[in-house]
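*Asks:* Quick mapping for you: the protein sequence lines, in order, are chains A and B.
Under the numbering used here, the letters of the first sequence match residues 170 to 320, in that order.
Under the numbering used here, the letters of the second sequence match residues 4 to 122, in that order.
Treat the hints as calculated values from the structure; they're not laboratory data.
Worth double-checking, as some hints may not be accurate.
Covered stretches of chain B, as calculated for chain A (at least 3 residues, CB under 8 angstroms) [unchecked claim]:
(1) 8-20
(2) 26-37
(3) 51-63
Listed next, with one range per pair, are the computed distances between beta-carbon atoms [stated by the list, open to error]:
(4) B:Glu103 <-> A:Gln203: 38 to 46 angstroms
(5) B:Asn119 <-> A:Lys247: 48 to 56 angstroms
(6) B:Ile12 <-> A:Glu184: 44 to 52 angstroms
(7) B:Lys76 <-> A:Asp187: 43 to 51 angstroms
(8) A:Pro265 <-> B:Ser110: 40 to 48 angstroms
(9) B:Glu25 <-> A:His248: 42 to 50 angstroms
(10) A:Phe179 <-> B:Lys76: 42 to 50 angstroms
(11) A:Lys268 <-> B:Met74: 27 to 35 angstroms
Backbone N, C-alpha and C define an ideal beta-carbon position, used for all residues, glycine too.
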Amino acid sequence: MIKVKNINDFSVDTEDYDLVLKIRQEADIAVARQMVKDFAKKNGFSLADVTKIATVVSELSRNIQRYAKKGYICARKKHGKDGNVLLEVLAYDNGPGIKDVELAVTGGYTTSQRSLGLGLSGVRRLMDTFKIISEEGKGTIVITEIRRRTF
Amino acid sequence: MSDKVVPIIKLYDYLIVPIQIELDDITVEKLQMQLLNEISAKKARGVILDVSMVDVIDSYISYVLSETAAMAKAMGCHTVICKIQPNVALTLAQMGIKLENVYTANSLESALEILNQLD
């Protein structure tokens, strides 16, 4: 499956990813969480980081389901410049986009009822890198990475 | 399909609820309804949620748990969340999520102690 999405001149090729998961309904959130969790475990991430990664996938896939109705969660293992192993999680959708990205990643801000508004800001805090590309009416891409830590 | 998602054990005026299923959005909402119904039916004055088997608690699940505790409180029932896993505690704290309207305990014994002291 090859799919290229273009939001703000940023394109994603799902061929580049080890895992590509469709988010279509609420039940897919738990599936995505479990699949990425197993992938992180298999690649030697610590239990603490596996829990963080599973939580991140849960937040991102819920945002897709809640705001865009459908989209994808992708994950891959990468090697950093210093030889570090990284796990990248990417979420993309062709939903309504985010009007004010800065505001959306501010803790406590939410546009839906029954929400703490700590999803995206929480993801940013849990991961080592975090980037949002969003265009109103076109969609949103969230790219986030976590380093594999050795103790 | 049954709307009951967890076993609920009645002990004195308390309900002990071991959560041994993965908490996804649908399950957590069913859990909320089941708890409120049982609190009402059993006239419970305290609920202990044992989450030792739950390995992901994200912002929405936290929200629903806090909301459930607020609803229980309105019905005259206190909520204690018991045995949060270390990695879940770490994740919640790093995200800046606080569980509201609940007491927390690290064992079933201290959860019961908390409820006894509230009476």
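*Asks:* Now, for every hint given, state plainly whether the structure supports it.
*Replies:* Right, here's what the structure says about each hint:
Judged by the Cβ-Cβ criterion of 8 angstroms, the segment 8-20 of chain B is not covered by chain A as claimed, because only 0 of its residues qualify and three are needed. Note: the segment 26-37 of chain B has 3 residues with beta-carbon separation from chain A under 8 angstroms; the three-residue rule is met and the coverage holds. Counting residues of the segment 51-63 of chain B whose C-beta sits closer than 8 angstroms to any C-beta of chain A gives 6, which meets the bar of three, so the coverage hint holds. Here the CB-CB span from glutamate 103 of chain B to glutamine 203 of chain A is close to 28 angstroms, at odds with the stated 38 to 46 angstroms.
As the Cβ distance of asparagine 119 of chain B to lysine 247 of chain A is approximately 52 angstroms, the hint placing it in 48 to 56 angstroms holds. As the Cβ distance of isoleucine 12 of chain B to glutamate 184 of chain A is approximately 51 angstroms, the hint placing it in 44 to 52 angstroms holds. For the pair lysine 76 of chain B and aspartate 187 of chain A, the supplied restraint of 43 to 51 angstroms holds, since their beta-carbon distance comes to about 45 angstroms. Here the CB-CB span from proline 265 of chain A to serine 110 of chain B is close to 46 angstroms, well matched to the stated 40 to 48 angstroms.
Between glutamate 25 of chain B and histidine 248 of chain A the CB atoms are about 32 angstroms apart, so this pair departs from the stated range of 42 to 50 angstroms. For the hinted restraint 42 to 50 angstroms between phenylalanine 179 of chain A and lysine 76 of chain B, the CB-CB distance of approximately 47 angstroms keeps it satisfied. Between lysine 268 of chain A and methionine 74 of chain B the Cβ separation comes to about 33 angstroms, which falls inside the hinted range of 27 to 35 angstroms.
The earlier numbered hints that this structure contradicts are 1, 4, 9.
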